[in-house]
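Q: Chains as they are written, first to last, in this note's numbering: chain V, 4 to 309; chain H, 12 to 170.
What the hints contain is simulated information worked out from the structure, not anything from laboratory work.
Each hint should be verified, as a subset may be incorrect.
What the hints assert, rightly or not - Heads up, incomplete: computed chain H residues facing chain V, CB under 10 angstroms, no partners named:
1) 129
2) 133
3) 134
4) 135
5) 156
6) 159
7) 160
Said to hold, decoys possible - From the derived model, a few chain H residues whose C-beta atoms are all more than 10 angstroms from chain V:
8) 25
9) 28
10) 50
11) 54
12) 65
13) 85
14) 86
15) 98
16) 100
17) 103
18) 109
19) 122
20) 124
21) 158
22) 164
What the hints assert, rightly or not - Listed next, the in silico DSS-like pairs over lysine-lysine satisfying Cα-Cα at most 30 angstroms (straight line):
23) H/25 to H/76
24) H/46 to H/139
25) V/165 to H/147
26) V/6 to H/139
27) V/165 to H/145
28) H/68 to H/139
29) H/25 to V/205
Just so you know, even glycine gets a beta-carbon here, dropped at the ideal spot from N, CA and C.
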Amino acid sequence: MFKKRHVLTMREFSREEIDSVLDMAASLEPYARGRKSDMMAGKILALLFFEPSTRTRMSFETAMKRLGGGVINLGPAEGSSISKGESLADTVRVIGGYADALVIRHPKEGSARLASQFSPVPVLNAGDGAGHHPTQTLLDLYTIKKESHLENLSIALVGDLKYGRTVHSLAYALSLFGADITLVSPASLRMPDPIKADLSSKGTRVRETCDLGEVINNVDVLYMTRIQRERFPDPVEYNKVASCYRITPEFMTGAREGLIVMHPLPRVDEIAPSVDGTPHARYFQQSFYGVPVRMALLKMLIGRGA
Amino acid sequence: MSEIKDVPKGLRVKPINNGTVIDHIAGGQALNVLKILGIYGITDATVSVVMNVESRKLCKKDIVKIEDRELLEEEVNRIALIAPAASINIIRDGKVIEKRTVDLPDEIVGVVRCQNPNCISNTLEPIKSRMLVKTKNPVLLRCIYCEQPLTDRIAEYLI
Ligand SMILES: Nc1ncnc2c1ncn2[C@@H]1O[C@H](COP(=O)(O)OP(=O)(O)OP(=O)(O)O)[C@@H](O)[C@H]1O
Ligand SMILES: [Mg+2]
Ligand SMILES: [Zn+2]
Numbered sequence: 004m005f006k007k008r009h010v011l012t013m014r015e016f017s018r019e020e021i022d023s024v025l026d027m028a029a030s031l032e033p034y035a036r037g038r039k040s041d042m043m044a045g046k047i048l049a050l051l052f053f054e055p056s057t058r059t060r061m062s063f064e065t066a067m068k069r070l071g072g073g074v075i076n077l078g079p080a081e082g083s084s085i086s087k088g089e090s091l092a093d094t095v096r097v098i099g100g101y102a103d104a105l106v107i108r109h110p111k112e113g114s115a116r117l118a119s120q121f122s123p124v125p126v127l128n129a130g131d132g133a134g135h136h137p138t139q140t141l142l143d144l145y146t147i148k149k150e151s152h153l154e155n156l157s158i159a160l161v162g163d164l165k166y167g168r169t170v171h172s173l174a175y176a177l178s179l180f181g182a183d184i185t186l187v188s189p190a191s192l193r194m195p196d197p198i199k200a201d202l203s204s205k206g207t208r209v210r211e212t213c214d215l216g217e218v219i220n221n222v223d224v225l226y227m228t229r230i231q232r233e234r235f236p237d238p239v240e241y242n243k244v245a246s247c248y249r250i251t252p253e254f255m256t257g258a259r260e261g262l263i264v265m266h267p268l269p270r271v272d273e274i275a276p277s278v279d280g281t282p283h284a285r286y287f288q289q290s291f292y293g294v295p296v297r298m299a300l301l302k303m304l305i306g307r308g309a
Numbered sequence: 012m013s014e015i016k017d018v019p020k021g022l023r024v025k026p027i028n029n030g031t032v033i034d035h036i037a038g039g040q041a042l043n044v045l046k047i048l049g050i051y052g053i054t055d056a057t058v059s060v061v062m063n064v065e066s067r068k069l070c071k072k073d074i075v076k077i078e079d080r081e082l083l084e085e086e087v088n089r090i091a092l093i094a095p096a097a098s099i100n101i102i103r104d105g106k107v108i109e110k111r112t113v114d115l116p117d118e119i120v121g122v123v124r125c126q127n128p129n130c131i132s133n134t135l136e137p138i139k140s141r142m143l144v145k146t147k148n149p150v151l152l153r154c155i156y157c158e159q160p161l162t163d164r165i166a167e168y169l170i
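Next up, chain H with everything else stripped away, as it sits in the complex (with noise of 0.2 angstroms):
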């Protein structure tokens, strides 16, 4: 399980110790992916990214290694939004320990915001998004206030 076979033509990235590897990401999604994961911005973690490589179930897919952060089971099912065919895998002692797909919950509470400028969600209101997720992959979310879908461009209501 150990060995790097997945990068093609020899390494992009150096093996990691300990850490994950967020691997499947649709191509071009993974900026999106660190968004999710909180990391953007000036951050201290230490984060490599592969964009747009070629892959045998992806025709292009993204791979996010972050070190010394194993993520938890709410962050990992938040990537699915946009990643949907993502596997987190765990690496402990430079070897993959644990192989993850990613699933989301049936609600989304505080994630996304919803797309209609006329909801009461967008206000002052003392309340979170709430978008109840109809279809997974794709992804199909609906917000409970106001009901507007929200398929397309979800990375960009992302709060």
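Pulled out of the complex, with its shape left as it was, chain V reads as follows (with noise of 0.2 angstroms):
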């Protein structure tokens, strides 16, 4: 169990911590499943997106829900008017008023951490900005732990590793279970140094390289993300690097046999459609493990005897 009142950034997580999330996570998969539950009943969460989400969203208000508690949502217009007028501080005092939990997604930096401040209610941060998004690496932790292995891990990160806070802090918290981390990233979008040397200094395995192909027959996850057509001001040289991390199950013919291919999605066309029935395949099934991880996060901050 853990002791957190919010859940605000990765780094506030201990390997310990993480664990009993994953374990939570795993206890409560047949809920997720849609197994009836009244755990939570009674209770009600808050979901203050200031911007557009749709998995992050639906996954938290379907996991409070099949838990048998309620969802309050800030539609889209009454996000726009508050962020406009109201002060977020003001908008979490009197929402924290009306529910048990707030979930913030932000555009500013930092908003979630100003948010828990202001809060009488426990804080989960959906997404601050360039910041955290902490949800889905317990999510992705989660995957990985069930659909592979945490313990001797080795894995790839692809794509844009560079802007992409989502692998930073998968990076990060892999660092603390020791996993073989290979970062496979166009050179301009390469992860930024220090956090590289933040991993290393944890005795973390990091390697670098630009060619997926070199890598792709020697790791047990292949985790992609998209690289972003604004981060090139050339539509050709976009094409070219584009083209160089997409995956095509004929790519992956050398690969080991239980490679799992991982995606926070929404994908564009770094992984092909092909793919989808291949047996390495797992972005849709780490999608609806957004659900059981929200759900532990949930009983852990707010249910009975939390």
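Take the two lone chains, each set in its own frame, and fit them into one complex as the hints suggest.
A: Shown next, in the form of structure tokens:
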């Protein structure tokens, strides 16, 4: 069990706390699949999304409802009027008075921490600008644990490793498990040096390459991310780069039998649709696991006896 | 202690009776030190500034002398943000009666703005900027909100 009041960043999680969330998620998976529960009966979760989100918002809503709780939502119009007029501090004080916990996504970095300073109830960060998105990392870890293994893991993080916040916090969390990490990206989208230095200082083995073909046969997990067109002023350059980081079933013929392919979704064309039918594809499974993982966090923060 | 031996080639500034001498400021930073002390624009304070003189401890140093004002502990520690090697000499009756080094607290609140334009602390929210002091010399700060570090050009972000 953990003693946290809020879930703001992955860095605030110890290895033991991560393990307890993943264990709890495993025990709640039957409810995520539809078994009836009244664990959260009488509780209300407020979803404050100041930025559009589909899967994070809907999976929080699903998690809460399947556990028998209720959800209140900031509509798009309210989101925009509040973000224009009222301070975030006031909004969380007000909505915190209606609900048992707040989930917040906001375009400014540090917004979730600010919310936690004013909210009378626990705050879960569902993405603060280019900052953190810890529930994504926890569901990624859960996926790896269930579909592969967290011990002695060899993983390749592929794509935009410079701006992608999910890979930064995933890499950090994996360093707590002693994973062997290969960073695969175009030169212009390499993982920033301070983040790499931090990983190495934790004793994690980190390798870097531009060539996906060089690593695909030697890893347990291929974690794909999207390379955004906007990062490349020259469309020709973008097309060249993007095509190097696109996977197809043919590309994986020499891969380990148990290789799993993950992606935080939405994908564009970095994973060919024909990969979906291979035994390697796990990205839809991964997105489903967002439900039991978010259930676990809710239970640990506001469940009976929490 | 009262002899004035540190200003090379004779006195650049005449001795003061009472006040504070801030010595060993890194060359060129004196005006930022004044800014930290709230001395800018139109002021009544009697202040002398010596900039970029030779020093034994630093290659070039600045000195700031403020008459009739003894700096408070918290003011002294703010100076550490941009002059971590500064020494503060309290002068009474023309003599140095107290010499202090500067020391940053572990967290500084409301003194330095975060350099990340997309940080929640740079909006109209009812909060003060808060920076954790990660290292003191050189000074490395980190915003508690967005976690962005601040180390160069701290003076530009003084509030
Ligand atoms: N009465 C005074 N008026 C103006 N400046 C003074 C006065 N007394 C001392 N100072 C200045 O204050 C600083 C500290 O004086 P102090 O006599 O302690 O010199 P010091 O031995 O060189 O000290 P340090 O080891 O800190 O360099 C020097 O820069 C000196 O010129
Ligand atoms: Mg001297
Ligand atoms: Zn900040």
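Q: All hints, please: hold or fail.
A: Status of each hint after checking the structure:
Hint on residue 129 of chain H holds. Least Cβ distance to chain V is approximately 5 angstroms, under the 10 angstroms limit. With its C-beta approaching chain V no nearer than about 8 angstroms, residue 133 of chain H sits inside the 10 angstroms limit, and its interface hint holds. Hint on residue 134 of chain H holds. Least Cβ distance to chain V is approximately 6 angstroms, under the 10 angstroms limit. The beta carbon of residue 135 of chain H is positioned within 10 angstroms of a beta carbon in chain V (closest approach about 6 angstroms), and the interface hint is therefore held.
Interface hint at residue 156 of chain H: satisfied, since its Cβ lies 3 angstroms from the closest Cβ of chain V, which is below the 10 angstroms cut-off. A hinted interface residue such as residue 159 of chain H counts as satisfied when its beta carbon comes closer than 10 angstroms to some beta carbon of chain V; here the least separation is about 8 angstroms, so the hint holds. Against a cut-off of 10 angstroms between C-beta atoms, the interface hint on residue 160 of chain H holds, since the closest Cβ of chain V lies about 8 angstroms away. The beta carbon of residue 25 of chain H sits about 49 angstroms from the closest Cβ of chain V, which is more than 10 angstroms, so the claim that it is off the interface holds.
Residue 28 of chain H, annotated as away from the interface, keeps every beta carbon of chain V farther than 10 angstroms; the closest lies near 47 angstroms. For residue 50 of chain H, the requirement that its beta carbon stay farther than 10 angstroms from each beta carbon of chain V is met, with the minimum near 31 angstroms. The claim that residue 54 of chain H is not at the interface with chain V holds, since no C-beta of that chain comes within 10 angstroms of its own (minimum 34 angstroms). No Cβ of chain V approaches the Cβ of residue 65 of chain H within 10 angstroms, the least distance being about 37 angstroms, so the stated non-interface status holds.
Residue placement check: residue 85 of chain H keeps its beta carbon more than 10 angstroms from all beta carbons of chain V (closest about 23 angstroms). No Cβ of chain V comes within 10 angstroms of the Cβ of residue 86 of chain H; the nearest lies about 27 angstroms off, and the non-interface call holds. Chain V leaves residue 98 of chain H outside its interface by the beta-carbon criterion, the shortest separation being 33 angstroms against a cut-off of 10 angstroms. Even its closest Cβ contact with chain V, about 39 angstroms, leaves residue 100 of chain H beyond 10 angstroms, as expected for a residue assigned away from the interface.
The claim that residue 103 of chain H is not at the interface with chain V holds, since no C-beta of that chain comes within 10 angstroms of its own (minimum 43 angstroms). Every C-beta of chain V lies more than 10 angstroms from that of residue 109 of chain H, the closest at about 38 angstroms, which supports listing it as non-interface. Non-interface status of residue 122 of chain H relative to chain V is upheld: no Cβ of that chain comes within 10 angstroms, the nearest being about 17 angstroms off. At the 10 angstroms boundary, the C-beta of residue 124 of chain H stays outside the reach of chain V, the nearest C-beta of that chain being 13 angstroms off.
For residue 158 of chain H, the shortest C-beta to C-beta distance to chain V comes to about 7 angstroms, within the 10 angstroms cut-off, and the non-interface label is violated. Distance to chain V confirms residue 164 of chain H as a non-interface residue, since its nearest Cβ pair spans about 18 angstroms, more than 10 angstroms. A C-alpha spacing of about 10 angstroms is found between residue 25 of chain H and residue 76 of chain H, which places the hinted pair at or below 30 angstroms, so the restraint holds. Straight-line distance between C-alpha atoms of residue 46 of chain H and residue 139 of chain H comes to about 19 angstroms, which keeps the hinted pair within the 30 angstroms bound.
Under the criterion of a C-alpha separation no larger than 30 angstroms, the hint pairing residue 165 of chain V with residue 147 of chain H is consistent with the structure, at around 29 angstroms. Only pairs whose Cα atoms come within 30 angstroms are accepted, and residue 6 of chain V paired with residue 139 of chain H is accepted, the gap being roughly 28 angstroms. With a CA separation close to 24 angstroms, the supplied pair residue 165 of chain V and residue 145 of chain H stays within the 30 angstroms bound. Between residue 68 of chain H and residue 139 of chain H the alpha-carbon distance is near 36 angstroms, which puts this suggested pair outside the 30 angstroms criterion.
Of the supplied pair hints, the one linking residue 25 of chain H and residue 205 of chain V is violated, its CA atoms being roughly 56 angstroms apart against a limit of 30 angstroms.
In summary, the structure is inconsistent with hints 21, 28 and 29 from the numbered list given earlier, while agreeing with the others.
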